[in-house]
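S.K.: Sequence:
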Amino acid sequence: MSKKLIEFSAELEITDFCKNGEGKAVAFGKVFNDSKNRFPDGSEIITSLVHNTETYEADGYIKTQNSVYKIRHPNK
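Last residue of the sequence shown: number 56 in my numbering, and the count goes up by one each step with no gaps.
These are calculated hints, taken from the structure and not from any lab test.
Straight-line alpha carbon distances no greater than 25 Å define the calculated SDA-like cross-link-like pairs of lysine to any residue that follow:
#  : residue 1 : residue 2
1  : Lys4      : Ile26
2  : Lys16     : Ser47
3  : Lys43     : Glu(-7)
4  : Lys50     : Glu(-9)
5  : Lys(-1)   : Arg52
6  : Lys43     : Glu(-9)
7  : Lys16     : Ile(-14)
8  : Lys10     : Ser47
9  : Lys10     : Lys50
10 : Lys(-16)  : Asn13
11 : Lys50     : Arg18
12 : Lys4      : Ile(-14)
13 : Lys50     : Thr(-5)
14 : Lys4      : Ser28
15 : Lys4      : Lys43
16 : Lys10     : Thr33
17 : Lys4      : Glu(-13)
18 : Lys(-1)   : Val48
19 : Lys43     : Asn32
20 : Lys16     : Asp(-4)
21 : Lys16     : Lys50
22 : Lys43     : Phe8
23 : Lys10     : Glu34
24 : Lys4      : Ile25
25 : Lys50     : Thr33
26 : Lys16     : His31
Derived Cβ-Cβ restraints for the label pairs, each shown as a range:
#  : residue 1 : residue 2 : range
27 : His31     : Thr(-5)   : 16 to 24 Å
28 : Asp21     : Asp(-4)   : 15 to 23 Å
29 : Lys(-16)  : Asn55     : 25 to 33 Å
30 : Glu2      : Asn55     : 28 to 36 Å
This structure is a prediction, so every number in the text was calculated from the model and none was measured. All C-beta atoms, glycine included, are put in the ideal place defined by N, C-alpha and C.
Kindly produce the complete structure, drawing on both the sequences and the hints.
M.R.: Below is the structure:
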């Protein structure tokens, strides 16, 4: 079974991940390589609600309603 190729909107260096008791979450971080040209590199953002709250670390990306952020690790 082949994996679907994921098209990333940008890279996100996560500084915090906040989840409430209902399982809803947002990510805080610095954005880089924004393909939609919304943010300059290094801009600090808060995402909209994260869709893959339970699996984002294993997935290697954060999916929101309109974006997919590849998780970027500092110094890489």
